[in-house]
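S.K.: Here's the letter readout for the chains.
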Amino acid sequence: KNEVEQSPQNLTAQEGEFITINCSYSVGISALHWLQQHPGGGIVSLFMLSSGKKKHGRLIATINIQEKHSSLHITASHPRDSAVYICAAKRDGNTGKLIFGQGTTLQVKP
Amino acid sequence: DTGVSQNPRHKITKRGQNVTFRCDPISEHNRLYWYRQTLGQGPEFLTYFQNEAQLEKSRLLSDRFSAERPKGSFSTLEIQRTEQGDSAMYLCASSPWSALGQFFGPGTRLTVL
Chain A
-5 KNEVEQSPQN
5 LTAQEGEFIT
15 INCSYSVGIS
25 ALHWLQQHPG
35 GGIVSLFMLS
45 SGKKKHGRLI
55 ATINIQEKHS
65 SLHITASHPR
75 DSAVYICAAK
85 RDGNTGKLIF
95 GQGTTLQVKP
Chain B
6 DTGVSQNPRH
16 KITKRGQNVT
26 FRCDPISEHN
36 RLYWYRQTLG
46 QGPEFLTYFQ
56 NEAQLEKSRL
66 LSDRFSAERP
76 KGSFSTLEIQ
86 RTEQGDSAMY
96 LCASSPWSAL
106 GQFFGPGTRL
116 TVL
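Protein chains in written order, with the working numbering: chain A, -5 to 104; chain B, 6 to 118.
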């Protein structure tokens, strides 16, 4: 079992739909990242969370430390949101290395 | 552009050749990370530098792989005697000493024929 698991692996939505991507982790962490990767492109950090909830535009990220679970929500989805969304856990300890989920491929259709 | 940069962006090589990638982190970022991402998978940790010291290496980093950060600024990742299984996106990220966040470069896509 991977230390960081995402679901679903693939997601197709119609423009305007509310989208949720889930991430569960089994290790102790100091923070959790949500990252966005477009085809052929680099990785952009959307959020870094250590507790609670963060919002940026149409994106909302939440984390429940006790349940070791985080969610990324996209409201009023748009075709330009189509990308791979990756959660990555920063493990407790000094190195700060990230343990990545396998990614969720989102396609938003017009 | 003051972000993390990586060169080259794409590299096509024949099996058995050596390749070297370069990462220039954000200025004054003490920490530098290399990750590898194969198609359809999330990235995997390869190695980590704090200034010029390489403090952790993944078991994924076989003896054909070597990374350096000689002056604590840019870093190089060399793969000797490349194999087709080395084909992947190689990502570099950097962060300041005490920060939790990492800033990613655009990656170098390696194709081994």
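Accuracy of the hints is not assured; some may be wrong.
Claimed, not checked - Computed Cβ-Cβ distance ranges for the label pairs, DEER-style:
(1) Asn(-4)/A x Arg27/B: 26 to 32 Å
(2) Asn12/B x Glu11/A: 35 to 41 Å
(3) Ala70/A x Arg114/B: 30 to 36 Å
(4) Gly87/A x Thr43/B: 21 to 27 Å
(5) Ile31/B x Glu9/A: 31 to 37 Å
(6) Lys47/A x Gly21/B: 35 to 41 Å
(7) His67/A x Glu83/B: 38 to 44 Å
(8) Gly10/A x Leu118/B: 42 to 48 Å
Source of the hints: derived by calculation from the structure; they are not laboratory data. Positions of the beta carbon are idealized from the N, C-alpha and C atoms, including for glycine.
S.K.: Hint by hint, say whether it matches the structure.
M.R.: We went through each hint and held it up to the structure:
1. Asn(-4)/A x Arg27/B: 26 to 32 Å: holds, 31 Å
2. Asn12/B x Glu11/A: 35 to 41 Å: holds, 39 Å
3. Ala70/A x Arg114/B: 30 to 36 Å: holds, 33 Å
4. Gly87/A x Thr43/B: 21 to 27 Å: The hinted range 21 to 27 Å holds for Gly87/A and Thr43/B, with Cβ atoms some 25 Å apart.
5. Ile31/B x Glu9/A: 31 to 37 Å: For Glu9/A against Ile31/B, whose Cβ atoms are near 36 Å apart, the range 31 to 37 Å holds.
6. Lys47/A x Gly21/B: 35 to 41 Å: violated, 51 Å
7. His67/A x Glu83/B: 38 to 44 Å: holds, 42 Å
8. Gly10/A x Leu118/B: 42 to 48 Å: At 44 Å between Cβs, range holds.
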